[in-house]
Amino acid sequence: MQQSSGRLSLAFPLVVLLAVVACAAPRGEAPAAGGATVVEGTVAAIDTAPWAYDGHARVELDVPGRGPVVVQLPARWNLCKAAPVEVDALAPGMRVRAAGGLEEDGRLTVCADPAHGLSPL
Numbered sequence: 017m018q019q020s021s022g023r024l025s026l027a028f029p030l031v032v033l034l035a036v037v038a039c040a041a042p043r044g045e046a047p048a049a050g051g052a053t054v055v056e057g058t059v060a061a062i063d064t065a066p067w068a069y070d071g072h073a074r075v076e077l078d079v080p081g082r083g084p085v086v087v088q089l090p091a092r093w094n095l096c097k098a099a100p101v102e103v104d105a106l107a108p109g110m111r112v113r114a115a116g117g118l119e120e121d122g123r124l125t126v127c128a129d130p131a132h133g134l135s136p137l
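Here the working numbering is used: the first residue of the sequence shown is 17, the next is one more, and so on.
Among the hints, erroneous ones may be present.
[Claimed, not checked] Ranges between beta-carbon positions, derived for each pair:
1. 137 / 69: 13 to 23 Å
2. 71 / 120: 16 to 26 Å
3. 82 / 108: 23 to 33 Å
4. 61 / 119: 10 to 20 Å
5. 136 / 63: 16 to 26 Å
6. 110 / 83: 16 to 26 Å
7. 56 / 103: 17 to 27 Å
8. 58 / 104: 11 to 21 Å
9. 63 / 83: 10 to 20 Å
FYI, nobody ran anything at the bench for these hints, they're computed from the structure. No residue lacks a Cβ here, since even glycine has one placed at the ideal position from N, Cα and C.
All chains, full assembly: derive it from the sequences and hints.
So this is what it looks like as structure tokens:
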């Protein structure tokens, strides 16, 4: 039977470091109150066609230092905690601020929190 030396393994600091890195937000994003990820950029394109079949509308932003970010706007705002986005007030070339839930593929979805939204700057 082996006796424990009472010291932590050398692997422990590596595990802690990996956990910290995995939880860090990607560059160009800032966490906001309510667990939202916030980006600011310029509207490159707006596609509301998916709303015709209950899909998410897509607003593509050009975010400095990050590149393109897709912001998803749900078709059923009544199921969201966020206020509906006034898409008619948006236009390509407009500077906006987007706050939403970060998806695994980097998209932001405006819905799950009252702090979520997409608005002109």
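Each hint tested on the structure:
1. 137 / 69: 13 to 23 Å: For residue 137 and residue 69 the Cβ distance comes to about 31 Å; the hint is violated.
2. 71 / 120: 16 to 26 Å: Since residue 71 and residue 120 have Cβ atoms about 18 Å apart, the given range 16 to 26 Å holds.
3. 82 / 108: 23 to 33 Å: 18 Å, violated
4. 61 / 119: 10 to 20 Å: At 18 Å between Cβs, range holds.
5. 136 / 63: 16 to 26 Å: 18 Å, holds
6. 110 / 83: 16 to 26 Å: 18 Å, holds
7. 56 / 103: 17 to 27 Å: With Cβ atoms ~18 Å apart, the hint holds.
8. 58 / 104: 11 to 21 Å: 18 Å, holds
9. 63 / 83: 10 to 20 Å: Distance hint for residue 63, residue 83 holds at roughly 18 Å.
Violated hints, listed in ascending order, are 1, 3; each of the other numbered hints is respected by the structure.
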